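Student: Sequence:
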Amino acid sequence: MTTILTVRKGNQVVVGGDGQVSLGNTVMKGNARKVRRLYRGEVIAGFAGGTADAFTLFERFEGQLEKHQGHLVRAAVDLAKDWRSDKALRRLEAMLIVANKDSTLIITGTGDVVEPQHGALAIGSGGNFAEASARALIDNTDLSAKEIVEKSLNIAADICVFTNHSLTIEEIVIDPKLEDNSTKNITSEDTSDKDN
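In terms of my numbering, the sequence shown opens at residue 1 and continues consecutively.
Hint data in this document are derived by calculation from the structure and do not stem from the laboratory.
Mixed in with the good hints, there may be bad ones.
To be verified - Cross-link-like lysine-lysine pairs, in silico, BS3-like; alpha carbons within 25 Å at most:
#, residue 1, residue 2
1, LYS81, LYS67
2, LYS101, LYS9
3, LYS29, LYS151
4, LYS67, LYS101
5, LYS151, LYS101
6, LYS151, LYS9
7, LYS29, LYS9
8, LYS101, LYS81
Unchecked claim - Distance ranges between label pairs, derived from CB positions:
#, residue 1, residue 2, range
9, ASP112, PHE55, 15 to 23 Å
10, HIS118, ASP86, 25 to 33 Å
11, THR108, ARG33, 16 to 24 Å
12, ASN31, THR110, 15 to 23 Å
13, ASP139, ILE159, 14 to 22 Å
14, GLU93, HIS68, 37 to 45 Å
15, ASP86, GLY10, 14 to 22 Å
16, SER103, ARG33, 19 to 27 Å
17, VAL27, LYS81, 34 to 42 Å
18, ASN128, GLU93, 13 to 21 Å
19, LYS29, PRO176, 38 to 46 Å
20, MET28, GLY70, 18 to 26 Å
21, SER103, ASP139, 18 to 26 Å
22, PRO176, GLY24, 43 to 51 Å
All values derive from a computational prediction rather than experimental measurement.
Beta carbons: idealized from backbone N, C-alpha and C, even for Gly.
All chains, full assembly: derive it from the sequences and hints.
Tutor: Given below as structure tokens:
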């Protein structure tokens with residue numbers, strides 16, 4: 001599987017994930033991009049689960065974002081409705097984390113939409129390790145959201161055999177003075193000090 005983590009702290013919203021693709025107990029690929037930008041770069045989405053299933057969900061979700069002019073919650077709820085009612089979608093084995101400057105949501109494999117109670121949320125096989133680490137770092141350090149995501153994903157990669165150190169991290173920097181918020185894309189070359 002994989003690990004996808006999002007942290008919302010201060011003026012940052014960050015989503016990161018590792019690049020490992022496994023087939024059973026075999027690593028098939030180590031540098032997949034499971035975190036992507038959607039809707040003109042205003043939404044960050046990450047997936048865990050079957051790759052083909054996740055791409056199907058990405059397409060459906062992006063269609064909902066276009067339909068609702070980028071309104072994240074409406075798009076997620078409509079995708080969840082489709083997921084529950086469409087027989088083909090119900091068979092998809094994937095989960096999504098989606099975030100924009102206003103909201104962070106998880107869309108589960110059963111069609112549920114959940115907003116996190118805390119500033120961190122994770123999915124995938126290493127999700128519990130990454131989320132626990134992120135919550136501790138949020139509460140006990142002055143690290144930025146990007147630094148927390150990077151450190152937490154590396155901790156998960158040290159523990160979970162289905163997670164590696166090849167990271168993709170996307171960031172939205174929220175500036176309340178500006179209507180257009182800047183965005184940054186950080187790839188594994190910037191964040192990984194280990195080769196896997």
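Student: Quickly compare the C-alpha distance for LYS67 and LYS101 to 25 Å and report which way the hint goes.
Tutor: 19 Å, holds
Student: Using the C-beta atoms of ASP112 and PHE55, is the stated range 15 to 23 Å upheld?
Tutor: Holds - the Cβ-Cβ distance for ASP112 and PHE55, about 21 Å, lies within 15 to 23 Å.
Student: Has the hinted range 15 to 23 Å been met by the Cβ atoms of ASN31 and THR110?
Tutor: 30 Å, violated
Student: Could you grab the alpha-carbon distance between LYS101 and LYS9 and see if it respects the 25 Å cut-off?
Tutor: 11 Å, holds
Student: Against the range 34 to 42 Å, how does the distance between the Cβ atoms of VAL27 and LYS81 compare: consistent or not?
Tutor: 36 Å, holds
Student: May I ask you to test the hint 18 to 26 Å on the CB atoms belonging to MET28 and GLY70?
Tutor: At 34 Å between Cβs, range violated.
Student: Take a look at whether the Cβ-Cβ distance between ASN128 and GLU93 falls inside 13 to 21 Å.
Tutor: 19 Å, holds
Student: Below or equal to 25 Å on CA atoms is what counts here, so check LYS29 against LYS9.
Tutor: 31 Å, violated
Student: Mind checking the alpha carbons of LYS151 and LYS9 for me, to see if they're no more than 25 Å apart?
Tutor: 15 Å, holds
Student: If I claimed the Cβ atoms of PRO176 and GLY24 lie 43 to 51 Å apart, would that claim hold in this structure?
Tutor: 48 Å, holds
Student: For the range 25 to 33 Å, tell me whether the beta carbons of HIS118 and ASP86 fit it or not.
Tutor: 32 Å, holds
Student: Does the hinted range 38 to 46 Å hold for LYS29 and PRO176 at CB?
Tutor: Holds, since LYS29 and PRO176 (Cβ atoms, about 40 Å apart) stay within the stated range.
This entry does not satisfy hints 7, 12, 14, 15, 20, going by the numbered hints stated previously.
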